[in-house]
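Participant: Chains A and B supply the protein sequences, listed in that same order. Just so you know, the working numbering puts 198 at position 198 of the first sequence, and the rest follows in order with no gaps. Just so you know, the working numbering puts 2 at position 2 of the second sequence, and the rest follows in order with no gaps.
Some hints could be false.
Where chains are identical, the list cannot tell them apart; a pair therefore holds if satisfied intra-copy or between any two copies.
BS3-like mimics (lysine-lysine), calculated; alpha carbons at most 30 Å apart, straight line [said to hold, decoys possible]: (1) LYS539 to LYS273; (2) LYS330 to LYS382; (3) LYS273 to LYS146; (4) LYS5 to LYS464; (5) LYS179 to LYS318; (6) LYS330 to LYS282.
Don't read these hints as lab results, they were simulated from the structure.
The chain contents come next:
Number of protein chains: 2
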Amino acid sequence: MSEIKIPLRDMRFAMRELFDWDQHYATLGYEDASPDVVDAILDEGAKFCENVLAPLNQIGDQQGCTWNDGEVKTPDGFKEAYQQFVEAGWPSLAHNVDHGGQGLPPSLGTILSEMVGTSNWSWGMYPGLSHGAMNTLEAHGTDEQKHTYLTKLVEGTWTGTMCLTEPHCGTDLGILRSKAEPNDDGSYSITGTKIFISAGEHDMAENIVHIVLARLPDAPEGTKGISLFIVPKFLPNADGSVGERNGVACGSLEHKMGIHGNATAVLNFDGAKGFLIGPPNKGLNCMFTFMNTARLGTALQGVAHAEAGFQKSLAYAKDRLQMRSLSGPKNPEGPADPIIVHPDVRRMLLTQKAFSEGGRMLVLLCAQQVDRSQSGSEEERKDADDLLAFLTPIAKAFLTETGYESANLGMQCFGGHGYIAEWGMEQNVRDARISTIYEGTTGIQALDLLGRKVLMSQGELLRKFTKIVHKFCQAEVDNEALAPYVARLQELNKEWGELTMNVGVKAMENPDEVGAASVDYLMYSGYAVQAYLWALSAKVANEKIAAGSAEEDFYRAKLATARFFFDRILPRTATHASAMQSGAENLMSLDAEHFVF
Amino acid sequence: MSEIKIPLRDMRFAMRELFDWDQHYATLGYEDASPDVVDAILDEGAKFCENVLAPLNQIGDQQGCTWNDGEVKTPDGFKEAYQQFVEAGWPSLAHNVDHGGQGLPPSLGTILSEMVGTSNWSWGMYPGLSHGAMNTLEAHGTDEQKHTYLTKLVEGTWTGTMCLTEPHCGTDLGILRSKAEPNDDGSYSITGTKIFISAGEHDMAENIVHIVLARLPDAPEGTKGISLFIVPKFLPNADGSVGERNGVACGSLEHKMGIHGNATAVLNFDGAKGFLIGPPNKGLNCMFTFMNTARLGTALQGVAHAEAGFQKSLAYAKDRLQMRSLSGPKNPEGPADPIIVHPDVRRMLLTQKAFSEGGRMLVLLCAQQVDRSQSGSEEERKDADDLLAFLTPIAKAFLTETGYESANLGMQCFGGHGYIAEWGMEQNVRDARISTIYEGTTGIQALDLLGRKVLMSQGELLRKFTKIVHKFCQAEVDNEALAPYVARLQELNKEWGELTMNVGVKAMENPDEVGAASVDYLMYSGYAVQAYLWALSAKVANEKIAAGSAEEDFYRAKLATARFFFDRILPRTATHASAMQSGAENLMSLDAEHFVF
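In isolation and in its complexed conformation, chain A is listed as follows (with noise of 0.2 Å):
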């Protein structure tokens, strides 16, 4: 199996070049993360990844996680690597300084976290699943709840969870029914069971922080009678180390496609003792905090999938000999041509190469507006907050979605060899699955997208999107080398704003038509969104050339890139805004008992 390299340069080119976040941090006044900084963090922590985490993610497929009477085991190697990320201060890079944080940008910990990913996305899950109860603590914890729950978060000694999902309901959340019945001392007795909990027990940390979705005993039906509580799996002492065992235990763990690494436990309350967080029946929106993160980071997961599978097959074709280049040996020498000469290959090659390359920068737009809807002035974080609105859905479901298809085809890059578990490039496949399902699945993602964001801001959160588009196109239009992108690009956005008009008219006559058309409504986004970013890259390659850069073979192949995904990859729009000018009626007329006879 081939190594790992985590891809600094070309996150480099991201994070500078695109989008310029050494100004950026500057602006918002990160005065401590200084290029030298971000510099440090980037070497310091693909070294760890590189070298302490990604020679376990095989080991961790192999050996999942073993239960044992409610006590979870994790595979060789993990608990000590996470000690060691404790030690070195990792969890707290991007947290408040009140409660432990190095207070650098949230942009920072993506970027973090999209190189723990890539190089073992099974274990990334725990401290990652951390980050979210961090951040609904910060914004809805009393003093005392981060004082005393936030503090060992941000450290990395405990870590969190998020526990929504019960038996009979996943998307549905209206109806679940765990229950939190008040007791004297104002805490609550919490009783129900949670299913699917990612990092639900471990051995890594003392304490495990869940934060869990249950009902008090007036509440209204529905989404409006859930609340949010905090359930340490040990509850506190007085002065903040582990006390007693609470009423929380890990029946069983799924028998998963993948991420074998990661505890998915099934999680009984039996009047476990919790913690009322944000106000009672408010639950849902205070958990939108911790799902826009979760969301977020499970766009991550799409690109550390692509990126790995790219890696691994890229080295695999240039190494395996098979069959000769139909234009004329290549490799005379020898019995064979390596299988990058074919055509084809180089098509997988690059589809995995746009997809990881085009979802880091996808994802770092997201994160630099994190970083804005933080700190920026109140504009400014108004500006991010729609912004993220708009792309996060689109993040998602399009990078999951396409770094499926990427760890597919790095897979078929191996033919049957891929197929092998020895290669993990399987593996990678398996892990990569779960990712257009779990914190809202595709088609929950576009409904969002459309639905909420979309046609219930009348068009306000594309036309913010496409604004940007339309900008860059103005400011280009003199420029010759981008002058297809760019007439490209005005007709993505001219056609985009139509498909929405069509669907939010047929929508008020119907209201199935938002379903129908959502999924490939967002399909549709994503890649008009990687044009645009694709046309990015290719006006900065184009300045770096003509500035005579030193590293002008990066930059030529940024271009190669951007060319390849204007003409290969982009025209997959016209299939989508023909599927969805279609109508619902094409999938709503067949009675559900004569889908087969």
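Take the given structure of chain A and dock chain B to it, following the hints.
Facilitator: For chain B alone, coordinates are given in the frame of chain A:
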């Protein structure tokens, strides 16, 4: 886990109503294949598959095959099921009466294979591989070889394999190294290592007949120096019974992503006694007999996983209550609506349905050509061979790609539960994944289609098919109900020819243009072939409804699926057409060393 029901109604629709097999069998002189016999085979086959094979599918995945000192144990129940299969005479169904076969048409064998594969693909590979060996022996074996080996294979007491791949070569058989040294008695000593040998070692039959590619001492280099040998696991005694163990041993089993119930063996040939089959150095030609059977068999795998995933996700979608329909509650008494009310869930179900039923039509169209190519008049044989040459790579690659897509959509319908082993949906995805790889990857099928079949015949093989479509359009020109379909088919026919010409012209300048267009060309062709088959279905369905059929709901469902296909799936041709016309340059310009920095 829900049960598998063999889709007999849909099979009969394709066999009888679309392709008129009752007449087809009568014309070819298959007197024994009367409608009654065919019905009995369908009913009995379905019973066996539903009751015996399907219940072993998940066990096979969980237990896998185990290797112990060269011996392989198949999962619990596999051996007993095979015993029942042999006792019922299923292996001999479609084989020559001269060697104990029942002499029924090959297409009935295909029907049986679909039923077996949908119920338990891994199990089905054991008898499945035997068919290729039987066809090779039938076509190229001496009378003595047929007597010794074919009889046993037809009976099912022995099984067969196909030993091509070596560690350093899969696609590129020209560089294979296994050696065959002549012995004084006319036999050969075979030495070498073969990998990825499906059903290569097991405990289900008393002997295994390996068909092995190897080189004679004086053989020319490359593909022109490969010969074919029969290498039995046990050498037969003069009376046909199993004798001495031969020098072939199973060194290990591969750890694979899926099809765990099938033993994928590394076979070490160490001076094993082998018998030349067919002329020396013509092994690859002889092997094509085998490979075409195997490719059509693998095309079936796409249908099998699409069908299995469709059935289970449909059952789940009717049962699982989650969220309300956007157009108002459909199950107001319950806590939520069944998810089949949601348009996007229907999109996923209908996609699976269209690919499963559409794939079945294509496989049966091919199977009909196999019958004609073996039993028709000389002219018919030529016609059938040409059609098969054109349709086989399309069926193999297109149906496995869409089968994998379907398996993934089936899993997606289950949300998080789809990722859990319990429901069988993730097994269906893992099992399906191999199908786009083995028996020639999608990329290899695409080169075969575009390069070898279409361009090398100067487009003749394509025109043979588009003429059929053209005739259909002409015949239906006044059929108002079909008008939109006929118009679209005519456009496709025209565009298909133009795209072919476009690539052909470019390829004269640069042979890499073939590889650069090939996969998009193949997928385009797949959708175009499916469009014809769905239009044909719609025609038949309309006729039946007009004639007052008592099964109007069945035919209305066909019309709904045809419409869904044309509205929502067929627009994919636009993307493939654009991508393939974009040329080789966007794939070839990037230097192999500049893919990453």
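Participant: Confirm or reject each hint.
Facilitator: To see whether the hints hold, each was checked on the structure:
1. Neither within a single protomer nor between protomers do LYS539 and LYS273 lie at most 30 Å apart by alpha-carbon distance, with minima of 57 Å and 66 Å respectively.
2. For the identical chains of this complex, LYS330 and LYS382 are neighbours neither inside a copy (56 Å) nor across copies (38 Å), given an alpha-carbon limit of 30 Å.
3. With identical chains, the CA atoms of LYS273 and LYS146 are at most 30 Å apart within one copy only, with a shortest distance of 17 Å there and 76 Å across copies.
4. In this homomeric assembly, LYS5 and LYS464 never come within 30 Å of each other (Cα to Cα): the closest approach is 36 Å inside a single copy and 51 Å across copies.
5. Taking the shortest alpha-carbon separations for LYS179 and LYS318, only the inter-copy value of 28 Å comes in at or below 30 Å, while the best intra-copy value is 58 Å.
6. For the identical chains of this complex, LYS330 and LYS282 are inter-copy neighbours only, at 28 Å across copies versus 65 Å inside a copy, given an alpha-carbon limit of 30 Å.
Consistency with the previously given hints fails for numbers 1, 2 and 4, ordered from lowest to highest.
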